[in-house]
Amino acid sequence: MAIGLNINGTVKTFDAAACPATLAELLVQMKIDQATVVAEIDGVIVPRDAFATARLADGMILELVRFVPGG
Amino acid sequence: MDELKIADKTFSSRLLVGTGKFASNAAMVQAIAASGSQVVTVALRRVDIENENDNLLSAIDRSKYLLLPNTSGARDAAEAVRLARLARAASGIHWVKLEVTPDPYYLLPDGEETLKAATSLVKEGFVVLPYMNADPILAKKLQDAGCATVMPLASPIGSNQGLKMRSSIAIIIEQATVPVVVDAGLGAPSHAAEAMEMGADAVLVNTAIAAAANPTAMATAFKLAVEAGRMAYRSGLAAQSAAASASSPLTGFLRNT
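Residue numbers (my numbering), protein chains in the order written: chain P, 126 to 196; chain V, 7 to 263.
For reference, chain P alone in the conformation it holds in the complex:
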């Protein structure tokens, strides 16, 4: 079975066996530094200290954002 996650507007499909179980695992797999990212799952902000316990499931909508230069 495949698992689909909508990440920043793009659907990514994972084999169920290879799909990261938590947000923290996903960030590791995507090589994104957890200390600099902030996340929403289905419109709800996930505090950084909850990344490791935030479980992922098929059809979830994720937003991963970070600070960039701006005025």
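Hints may be right or wrong, so weigh each one.
[Claimed, not checked] 30 Å max Cα-Cα, derived DSS-like pairs, lysine-lysine:
#, chain 1, residue 1, chain 2, residue 2
1, V, Lys27, P, Lys156
2, P, Lys156, V, Lys70
3, V, Lys27, V, Lys15
4, V, Lys11, V, Lys27
5, V, Lys146, V, Lys11
Treat the hints as calculated values from the structure; they're not laboratory data.
Fit chain V to the supplied structure of chain P, relying on the hints for placement.
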């Protein structure tokens, strides 16, 4: 000490700077240091999930600078509130530069949506610094809603046109009980000095520094201009008059009539 006080914080510098448009993080860090600023703005955007991302936060020494996240990109109050909450989760600070700009060409702020977002963010405990049109009535409404400053635009963002809204900003300065930070459009140190001479409490500059041929030297120039303008304001500018007023004595001329 002539310090700038915003909400519960005091600053010795009256120049706030943006971090956008610099050629590199190194150029940005150097220019910010030269500006003497203690408050730097940042934006929030999606992580690029296909490419490696530069880490802005590691470039900015947060023991020296207060990070002021903006809500740029928000087109209405709901989007701005969402960005502010994400910024708080990312930075751990509850200060926000509120921007609601539905029109991408002139990037002028939507006053109605800005007021709506400000009202709800203040209720959530945010220190709100709203970017706004130079509208004295709106300034009063934002102030009454609990905003920590008002930030009227001098001219459109990044336009470098200077104090096009001068007379309206003068009214805002006259009436405001919170600090007035002139934001956007200040293109030259002389523009910043002019705003400070008028009695603005601070100015926010980004493009004029970042897009200069030598951003570090330009940051220094803005620092000096802001200090000069502030000192001039506090010194009480001499009155203007239509006719000349001789600086030299009008007696003792070397003639008899």
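Here is what the structure says about each hint:
Between Lys27 of chain V and Lys156 of chain P the alpha-carbon distance is near 26 Å, which keeps this suggested pair within the 30 Å criterion. For a cut-off of 30 Å, the pair hint linking Lys156 of chain P to Lys70 of chain V stands: about 29 Å separates their Cα positions. Pair hint Lys27 of chain V plus Lys15 of chain V holds up; C-alpha atoms about 27 Å apart against a cutoff of 30 Å. Proposed proximity of Lys11 of chain V and Lys27 of chain V is supported: the alpha carbons are some 28 Å apart, at most 30 Å.
Between Lys146 of chain V and Lys11 of chain V, the direct Cα distance comes to roughly 19 Å. Compliance with the 30 Å bound is thereby established for this hinted pair.
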